[in-house]
Amino acid sequence: MRAAIVVFPGINRERDMAIALERATGRPPRMVWHKETSLDGIDLVVIPGGFSFGDYLRCGAMAARSPIMPAIHAHAARGGHVLGVCNGFQILTEAGLLPGALLRNAGLRFLSMDCHLRVERADTDYTAQYQPREIFRAPLAHGDGNYFAESETLDRLEGEGLVAFRYATPKGEINAHANRNGSARNIAGIYSPNLRVLGLMPHPEDLVDPLMGGIDGKPLFDGITAAFAA
Amino acid sequence: MRDVNQALAAEFGLSADEYQRVLDIMGRTPSFTELGVFSVMWSEHCSYKSSRVWLKTLPTKALWVIHGPGENAGVVDIGDGLAAIFKMESHNHPSFIEPYQGAATGVGGILRDVFTMGARPIANLNALRFGDPKLPRTKRIVDGVVRGIGGYGNCVGVPTVGGEINFHPSYNGNPLVNAMTVGVADKDKIFLSAAAGIGNPVVYVGSKTGRDGIHGATMASTEFDADSESKRPTVQVGDPFTEKLLIEACLELMATDAIVAIQDMGAAGLTSSSVEMAGKGGVGIELNLDHVPQREPGMTAYEMMLSESQERMLMVLRPDREDVARAIFDKWDLDFAVIGHITDTGRIVVKHNGVIEADIALDPLAEQAPLYHRPTTETPKQPELGPVADPIGILPALHKLIGCPDLCSRAWVYDQYDSTVGGQTVKRPGGADAAVVRIDGLKRAIALTTDVTPRYVFADPEMGGKQAVAEAWRNLTAVGALPLAITDNMNFGNPTKPEIMGQFAASIRGMAEACVALDFPVVSGNVSLYNETEGRGILPTPAIGGLGVLEDAAQAVGLAVHAGQSLVLIGGISGHLGQSLWLREIAGREEGPPPPVDLAAERRTGDFVRAQILAGNIRACHDVSDGGLLVAIAEMIMPDRTGVALVDPPAGIAPHAWWFGEDQGCYVLAVHHPEALQAAATQAGIPSRLLGATGGVDLTLADGATISVEALCQEHARFFPEWMD
Amino acid sequence: MLTGRRLTGDHAKIGQSQQGVDAAVHTSRPRARIDSPARISPFRSLEIPAERAAHVKAIVTVMLKEGVLDPQGKAIGHALGTLGFSGIGEVRVGKRIELELAETNPEAARAAAEEMGRKLLANLVIESFKVEIV
Numbered sequence: 002m003r004a005a006i007v008v009f010p011g012i013n014r015e016r017d018m019a020i021a022l023e024r025a026t027g028r029p030p031r032m033v034w035h036k037e038t039s040l041d042g043i044d045l046v047v048i049p050g051g052f053s054f055g056d057y058l059r060c061g062a063m064a065a066r067s068p069i070m071p072a073i074h075a076h077a078a079r080g081g082h083v084l085g086v087c088n089g090f091q092i093l094t095e096a097g098l099l100p101g102a103l104l105r106n107a108g109l110r111f112l113s114m115d116c117h118l119r120v121e122r123a124d125t126d127y128t129a130q131y132q133p134r135e136i137f138r139a140p141l142a143h144g145d146g147n148y149f150a151e152s153e154t155l156d157r158l159e160g161e162g163l164v165a166f167r168y169a170t171p172k173g174e175i176n177a178h179a180n181r182n183g184s185a186r187n188i189a190g191i192y193s194p195n196l197r198v199l200g201l202m203p204h205p206e207d208l209v210d211p212l213m214g215g216i217d218g219k220p221l222f223d224g225i226t227a228a229f230a231a
Numbered sequence: 004m005r006d007v008n009q010a011l012a013a014e015f016g017l018s019a020d021e022y023q024r025v026l027d028i029m030g031r032t033p034s035f036t037e038l039g040v041f042s043v044m045w046s047e048h049c050s051y052k053s054s055r056v057w058l059k060t061l062p063t064k065a066l067w068v069i070h071g072p073g074e075n076a077g078v079v080d081i082g083d084g085l086a087a088i089f090k091m092e093s094h095n096h097p098s099f100i101e102p103y104q105g106a107a108t109g110v111g112g113i114l115r116d117v118f119t120m121g122a123r124p125i126a127n128l129n130a131l132r133f134g135d136p137k138l139p140r141t142k143r144i145v146d147g148v149v150r151g152i153g154g155y156g157n158c159v160g161v162p163t164v165g166g167e168i169n170f171h172p173s174y175n176g177n178p179l180v181n182a183m184t185v186g187v188a189d190k191d192k193i194f195l196s197a198a199a200g201i202g203n204p205v206v207y208v209g210s211k212t213g214r215d216g217i218h219g220a221t222m223a224s225t226e227f228d229a230d231s232e233s234k235r236p237t238v239q240v241g242d243p244f245t246e247k248l249l250i251e252a253c254l255e256l257m258a259t260d261a262i263v264a265i266q267d268m269g270a271a272g273l274t275s276s277s278v279e280m281a282g283k284g285g286v287g288i289e290l291n292l293d294h295v296p297q298r299e300p301g302m303t304a305y306e307m308m309l310s311e312s313q314e315r316m317l318m319v320l321r322p323d324r325e326d327v328a329r330a331i332f333d334k335w336d337l338d339f340a341v342i343g344h345i346t347d348t349g350r351i352v353v354k355h356n357g358v359i360e361a362d363i364a365l366d367p368l369a370e371q372a373p374l375y376h377r378p379t380t381e382t383p384k385q386p387e388l389g390p391v392a393d394p395i396g397i398l399p400a401l402h403k404l405i406g407c408p409d410l411c412s413r414a415w416v417y418d419q420y421d422s423t424v425g426g427q428t429v430k431r432p433g434g435a436d437a438a439v440v441r442i443d444g445l446k447r448a449i450a451l452t453t454d455v456t457p458r459y460v461f462a463d464p465e466m467g468g469k470q471a472v473a474e475a476w477r478n479l480t481a482v483g484a485l486p487l488a489i490t491d492n493m494n495f496g497n498p499t500k501p502e503i504m505g506q507f508a509a510s511i512r513g514m515a516e517a518c519v520a521l522d523f524p525v526v527s528g529n530v531s532l533y534n535e536t537e538g539r540g541i542l543p544t545p546a547i548g549g550l551g552v553l554e555d556a557a558q559a560v561g562l563a564v565h566a567g568q569s570l571v572l573i574g575g576i577s578g579h580l581g582q583s584l585w586l587r588e589i590a591g592r593e594e595g596p597p598p599p600v601d602l603a604a605e606r607r608t609g610d611f612v613r614a615q616i617l618a619g620n621i622r623a624c625h626d627v628s629d630g631g632l633l634v635a636i637a638e639m640i641m642p643d644r645t646g647v648a649l650v651d652p653p654a655g656i657a658p659h660a661w662w663f664g665e666d667q668g669c670y671v672l673a674v675h676h677p678e679a680l681q682a683a684a685t686q687a688g689i690p691s692r693l694l695g696a697t698g699g700v701d702l703t704l705a706d707g708a709t710i711s712v713e714a715l716c717q718e719h720a721r722f723f724p725e726w727m728d
Numbered sequence: 090m091l092t093g094r095r096l097t098g099d100h101a102k103i104g105q106s107q108q109g110v111d112a113a114v115h116t117s118r119p120r121a122r123i124d125s126p127a128r129i130s131p132f133r134s135l136e137i138p139a140e141r142a143a144h145v146k147a148i149v150t151v152m153l154k155e156g157v158l159d160p161q162g163k164a165i166g167h168a169l170g171t172l173g174f175s176g177i178g179e180v181r182v183g184k185r186i187e188l189e190l191a192e193t194n195p196e197a198a199r200a201a202a203e204e205m206g207r208k209l210l211a212n213l214v215i216e217s218f219k220v221e222i223v
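In the order they appear, the protein sequences are chains A, B and C. The number in the numbering used here is simply the position in the first sequence, starting from 1, with 1 added. The number in the numbering used here is simply the position in the second sequence, starting from 1, with 3 added. The number in the numbering used here is simply the position in the third sequence, starting from 1, with 89 added.
One should not assume that every hint holds.
Said to hold, decoys possible - The list that follows gives simulated cross-link-like pairs (lysine to any residue, SDA-like), each with its CA atoms no further than 20 Å apart:
| id | chain 1 | residue 1 | chain 2 | residue 2 |
| --- | --- | --- | --- | --- |
| 1 | B | Lys52 | B | Ala19 |
| 2 | B | Lys192 | B | Arg150 |
| 3 | B | Lys137 | C | Thr171 |
| 4 | C | Lys184 | A | Glu23 |
| 5 | A | Lys172 | A | Arg110 |
| 6 | A | Lys172 | B | Pro642 |
| 7 | A | Lys219 | A | Pro133 |
| 8 | C | Lys208 | C | Gly162 |
| 9 | B | Lys500 | B | Thr380 |
| 10 | C | Lys163 | A | Asp145 |
| 11 | C | Lys219 | C | Asn194 |
| 12 | C | Lys208 | A | Gly183 |
| 13 | C | Lys154 | A | Leu58 |
| 14 | B | Lys211 | A | His35 |
| 15 | C | Lys154 | A | Gly97 |
| 16 | A | Lys172 | B | Arg644 |
| 17 | C | Lys208 | A | Pro68 |
| 18 | B | Lys192 | B | Leu85 |
| 19 | B | Lys446 | A | Asp145 |
| 20 | B | Lys142 | C | Ile148 |
| 21 | B | Lys334 | A | Ala107 |
| 22 | C | Lys154 | A | Ala62 |
| 23 | C | Lys154 | C | Thr171 |
| 24 | C | Lys208 | C | Ile222 |
| 25 | B | Lys142 | C | Val182 |
| 26 | B | Lys59 | B | Ile69 |
| 27 | B | Lys334 | A | Ala123 |
| 28 | C | Lys154 | A | Gly183 |
| 29 | C | Lys163 | B | Lys137 |
| 30 | C | Lys154 | C | Asn194 |
| 31 | B | Lys334 | A | Glu37 |
| 32 | A | Lys36 | B | Leu66 |
| 33 | B | Lys403 | B | Lys59 |
| 34 | C | Lys184 | A | Ala72 |
| 35 | A | Lys36 | B | Asp338 |
| 36 | C | Lys208 | A | His35 |
| 37 | C | Lys208 | A | Met32 |
If you're looking for bench data, these hints aren't it; they were derived computationally from the structure. All values derive from a computational prediction rather than experimental measurement.
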C-alpha cells in the first residue's frame, strides 16, 4: 500500500501517523505539503491530527479549502481510500467528504485521555482485523470532537451501517459516561457510503507500540495495509 | 516625547544610582529610546542584578554538560550522539494579570529558548503554585492557567508530560507559573547566540511587532500592588499556530548552513536579543527599524525596541544564504526581514526614519550593569516539633489526605494537556514518578520531573533547597533513569528585604550541596523575584526541573502495582512529622523543621534502587514524599484498583508517624521476590522492610482496619472536578 | 475591549481594571504614546486605520443555527445566573467578523461578503450568518 500524509500548516500528529503507517506497511509514507495538487500513485490518503491553520475560524475550515483538496476530492470520487483522524476528521466534514460537523466538546474543555471504542462493523478495509463489536482503547486529544448532524443524517448513517466506531465503556456499554465529548449517539467515527473514506476523532496511531501503553490501534493500520496486499 | 531625566528614569525602574551610571556611560543625557534600552537590560529580569552573586556558586559542570548557564538553555549529552536541551522559566506576573495569556505565552517563550538552539521540542512540563482554593480568584486563575498551558502546548504539538501543582495562601495574589521545555538535537549541531561576521545580515523572522508587552521585563521586576490590574495593557497575546510554523521553519533552516547565530526575542524583545547577540560575539550591531515588520501604524523606535510581541526570532545569517533562508520562511508564510547588519564598532546603533534613535557602547551596557550584594538575614531554625498525638486514626487520616488539594488526583488538570502527541510518551502524567519520553527511532529515552516543597524551604531554606534537588534526583531514579542535570526556577519575594535574600542565599547553598553530592549540575535557570503582593511574600519556591536518561525505554517502571506483588520499603523511616502534610491537614499545624536530607544515604539508596530497576527486578516504584509512606502506597494501588494487606509498623515508632512522616530518601518497590531484594539491600548497607502484599480490593492494616480502594479512588478524584466544573 | 473576552471574570473586577488602564498609562509610560483604550482590543488588527476609512466595511455575524447545542452559551447563562443576574433566557454565542473591502458599491460589497460567508466564514451545516454593510 502506498500511503500519503497530507501536511497542512499547524498539523502536529503527522509523525505519529507516519510511524504507525511505516510499522504496518514497512515503508515510510509520502509527506504531501498542502500546496501540492497531485496525489498520483497513492492508495491511502491520510489527513492527520493537529491544529491546521491554528484551528482559527473553525477547526479544519481553512485546511478544507487548501490547494491539495481538489486532489483529495478526486481521489475519493475515484473510490480511493481517505483516512482523517481528529483534525483530519474535522477537515473531511468541512470539505463535505463526510456529513456532519465537530463542535466544541460538551464540557468546553480539551480532552486528553484514553477512551474506548466499539467497532460497529468489522467487515471494512479498515476494521477487518478487529472482531465485530470489539472494544479497543485509543487516546483522545481534542477540544472539538462533539459530533453533530441533523437527526435525519444520523438515522441515515445508522441505517446504512456507516457508523464506524462509538464511544463505549471498557465493558462495551454505550452510554453518556463513555461519551466524554458529547457526540450525537456516541459516534466517534463514520464512513462514506462506499466505506472508503473514514473519519474518527481518537488516535489509534498513538497506540501501536506496547511501550506506549498498548497496540490497540495496530489492527486498523494492519487491516488497511492487508486490504491492499490482497 | 517626554524629557529624559531622573524622574523618568525612576518611572522606568532605574534607581538614582543606576541613572547616574547611565549618564556616566553615555557621557550625555540618553535619548528616550536609549533610556528604555538601559532600563530593560538592567532590570532584574534581564540582568539578574540581585541574584547573580549567588547563582555563580551553583555547580554547573560535569563530563556530560555541553553548555551550562549563559546560553538560551542548558545542553547535556544523552548518548547516541544526541543532546538534550532544556530550561524552565517563570511567567508568574503575566499569569496573575491575565491567566490564560500569561501561561500560554510562558509556554511559548520557553519553547523558543529551546528550539532556538536547534532542538525539536519533545516535552513540556510545568510547576504551578496557586493561592487558597477557597478564594474565587484562585479558581479563576487555575482555570485560566490550565487552559492557557493546554491551549498553547496542545496546538504546537509538544506533549505536556508532567508537572506539579500546590496550593498555599501565600500565593493568593501571586501565582507561580513555571514552564519547562525539553528538546533533542544532534550534539554537534547546537546553535548559539554569539553574533559574528562583520557585515552579515541581521534577520528578523516570525510574527509582526505590535505594542504588546512593552516593559514586561520591568513589570516582572517589581512587586504587585493593589492596582496591578492596571498593568493589563502590557500583557502579550500568544499565537501558538505561528509558533508551530516558526518551529518548523527554524528547524528546516537549521538543517542548512545558513545560520551564524540565532536567538529568540523574549523579555525585552528586540533590545535584549540584539544586545546579547552582539555582546556575546564581541561585535557591534546596527538596526534600521524601518524594516521591522509592524502590526500597527506609527510605532516609535522606543516601542519597537521594547515590544514583547511573541513568536519572533532574530538571526545572523551568512550573506550568501539569505535567499535560501527567505525561501523557507516564505514557504511557512512567516515574515522575514533584513533589519540590520553586524558591525565592528562594539556598539548598538538603532536608526528609525533616518534618525539615530540609540547609540550605545555594548561593553559597558553589559559589564557595568548593576550587581548587588544585597544584605541577607538567616531564617531562624524551627524548634523541634516534639510528640504529636494522632487525633483521628490512620485510615481516616489517609482518606482525608488523599483528597486534600495538595494530594488529590491531578487528572482534571493533565487531562486537558495533550500528553501523547509525538507518539513517544512512555510514562504519561500520573503513571510514574517522572515522565518518560522516548527519542524517536531509538531505544533511548529521557526522564523528566519538576520538584520543590515550598513549605520545607520556608521552614529551612537550606534544607529545603537540598530537598528540592534530592527529590528531583529521586523521582528520576524511581523510573530507572540516570539523573544528569537540572534547570532551576528561583521564585522568591522582594530581594531588598534581608530575610528574603537570606532565603535565596540559603536555598542556593542547599541546592549546591545536593548538586555536588548527587553529580547533578545546574545547566540553565531563571530567577523570578518580587513575588509578593501587598508586602506578603510567597513561600520561597526554587523549582527544580530534572532530566535523566534511560538507555532503553523498556526498562522504565511506573508506580502502579498489580495483584500478587510484595511491597518493600527501601530506606529508613524515623517518622518525621515536622512540616508534613499530615501535620497541616490532620493536626492543623504548620510547624517544626522539615525532614532532613542525608545526601550520602540518598545517593547510596538511589543508586541501589536504580540498579535493581535496570536489572529487571522491580515491577513498580514510587518514592515517599508529600503525605508519607501510606500515601505513597495508596498512590501505587489506586491506578489498578488493587488492594494491599499491610504489616505492622516497627515497634518504638508511633503508627501515625510511621505512615505519614515525610522522611527523605525512601522508595516503595513492588517485587515478586521480596527476600532477594531485601538481601541485596542488606548487602548494600541499605535499610529495607517488607510492607505487605497486594491483592483483593481493600487496603487493610495489620490490626484489621480496612478501607476499600474504590473509596480511596473516589475521594482522590473528587476535589478538582467538584471545585472547577 | 477587554470585557469582550473576559466572559468568566466578575464584573466588579472588569470595572476596576478599566480605571486601572488609565492609571498605568500615566505612571509607566511616556505620555506621548497614550493611545485610546480601543488599542488594546484583541481585535485591533481588524480595525480600520483612519486613512483607509473610505473603503466599505462588511460585518459578518456568524451564529450557531437554531437547534444546535451551544455549550458556551449555556455556560455563560449559568455563570450570569450565579452572579445574581436573573431572568436570563437562552444565551447564544457567535462570531463577528469585520471585513475591510476595497469596494465602494455597498451592494457589490454585500454580495462579496455573502459569498465569503458561504464559502468559508460559516459552516452551513451548523451555522448561519448575516451580513451588514457599514
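Okay, the hints, checked on the actual structure:
1. With a C-alpha separation of about 15 Å, the suggested pair Lys52 (chain B) and Ala19 (chain B) falls inside the 20 Å cut-off, and the hint holds.
2. At roughly 34 Å between alpha-carbon atoms, Lys192 (chain B) and Arg150 (chain B) are farther apart than 20 Å, so this suggested pair is violated.
3. Proximity of Lys137 (chain B) to Thr171 (chain C) is assessed by CA-CA distance (about 16 Å); at most 20 Å being required, the pair is judged to hold.
4. Straight-line distance between C-alpha atoms of Lys184 (chain C) and Glu23 (chain A) comes to about 41 Å, which puts the hinted pair past the 20 Å bound.
5. Under the criterion of a C-alpha separation no larger than 20 Å, the hint pairing Lys172 (chain A) with Arg110 (chain A) is inconsistent with the structure, at around 25 Å.
6. Distance check on the hinted pair: Lys172 (chain A) and Pro642 (chain B) sit about 17 Å apart at the alpha-carbon level, within 20 Å; holds.
7. With a CA separation close to 16 Å, the supplied pair Lys219 (chain A) and Pro133 (chain A) stays within the 20 Å bound.
8. Pair hint Lys208 (chain C) plus Gly162 (chain C) does not hold up; C-alpha atoms about 25 Å apart against a cutoff of 20 Å.
9. Using a Cα cut-off of 20 Å, the hinted pair Lys500 (chain B) and Thr380 (chain B) holds, with the two alpha carbons roughly 9 Å apart.
10. For the given pair, Lys163 (chain C) sits about 16 Å from Asp145 (chain A) by alpha-carbon distance, which is consistent with the 20 Å threshold.
11. Between Lys219 (chain C) and Asn194 (chain C) the alpha-carbon distance is near 18 Å, which keeps this suggested pair within the 20 Å criterion.
12. Taking the CA atoms of Lys208 (chain C) and Gly183 (chain A), the gap is near 27 Å; set against the 20 Å cutoff, the hint is violated.
13. Among the hinted pairs, Lys154 (chain C) with Leu58 (chain A) is consistent with the structure: their alpha-carbon atoms are about 16 Å apart, no more than 20 Å.
14. A threshold of 20 Å between alpha carbons decides the hint, and for Lys211 (chain B) with His35 (chain A) the separation of about 24 Å lies outside it, so the pair is violated.
15. Taking the CA atoms of Lys154 (chain C) and Gly97 (chain A), the gap is about 18 Å. The hint holds against a cut of 20 Å.
16. This hinted pair checks out: Lys172 (chain A) and Arg644 (chain B) have alpha carbons roughly 16 Å apart, not beyond 20 Å.
17. Only pairs whose Cα atoms come within 20 Å are accepted, and Lys208 (chain C) paired with Pro68 (chain A) is accepted, the gap being roughly 15 Å.
18. For the hint linking Lys192 (chain B) to Leu85 (chain B), the alpha-carbon distance of about 9 Å falls within 20 Å, and the restraint holds.
19. In summary, the hint linking Lys446 (chain B) to Asp145 (chain A) is not supported, as the alpha carbons are separated by about 34 Å, beyond the 20 Å threshold.
20. At roughly 36 Å between alpha-carbon atoms, Lys142 (chain B) and Ile148 (chain C) are farther apart than 20 Å, so this suggested pair is violated.
21. Using a Cα cut-off of 20 Å, the hinted pair Lys334 (chain B) and Ala107 (chain A) is violated, with the two alpha carbons roughly 37 Å apart.
22. Using a Cα cut-off of 20 Å, the hinted pair Lys154 (chain C) and Ala62 (chain A) holds, with the two alpha carbons roughly 17 Å apart.
23. Distance restraint check for Lys154 (chain C) and Thr171 (chain C): the Cα-Cα separation of roughly 27 Å exceeds the 20 Å cut-off, and the hinted pair is therefore not satisfied.
24. A hinted pair counts as satisfied when its Cα atoms are at most 20 Å apart, and Lys208 (chain C) with Ile222 (chain C) qualifies at roughly 18 Å.
25. Restraint check: the Cα-Cα separation between Lys142 (chain B) and Val182 (chain C) comes to about 23 Å, which exceeds 20 Å; the hinted pair is violated.
26. For the hint linking Lys59 (chain B) to Ile69 (chain B), the alpha-carbon distance of about 18 Å falls within 20 Å, and the restraint holds.
27. Restraint check for Lys334 (chain B) and Ala123 (chain A): not satisfied, since their Cα atoms lie roughly 42 Å apart, outside the 20 Å limit.
28. Of the supplied pair hints, the one linking Lys154 (chain C) and Gly183 (chain A) holds, its CA atoms being roughly 18 Å apart against a limit of 20 Å.
29. Distance hint between Lys163 (chain C) and Lys137 (chain B) is unfulfilled; the C-alpha atoms sit about 25 Å from each other, more than 20 Å.
30. At most 20 Å may separate the alpha-carbon atoms for a hinted pair to count; Lys154 (chain C) and Asn194 (chain C) exceed this at roughly 30 Å.
31. Under the criterion of a C-alpha separation no larger than 20 Å, the hint pairing Lys334 (chain B) with Glu37 (chain A) is consistent with the structure, at around 12 Å.
32. Using a Cα cut-off of 20 Å, the hinted pair Lys36 (chain A) and Leu66 (chain B) is violated, with the two alpha carbons roughly 47 Å apart.
33. At most 20 Å may separate the alpha-carbon atoms for a hinted pair to count; Lys403 (chain B) and Lys59 (chain B) exceed this at roughly 43 Å.
34. The hinted pair formed by Lys184 (chain C) and Ala72 (chain A) fails the criterion: a straight-line CA distance of about 31 Å is larger than 20 Å.
35. A C-alpha spacing of about 19 Å is found between Lys36 (chain A) and Asp338 (chain B), which places the hinted pair at or below 20 Å, so the restraint holds.
36. A hinted pair counts as satisfied when its Cα atoms are at most 20 Å apart, and Lys208 (chain C) with His35 (chain A) qualifies at roughly 19 Å.
37. Simply put, Lys208 (chain C) and Met32 (chain A) have alpha-carbon atoms about 27 Å apart, too far for the 20 Å limit, and the pair is violated.
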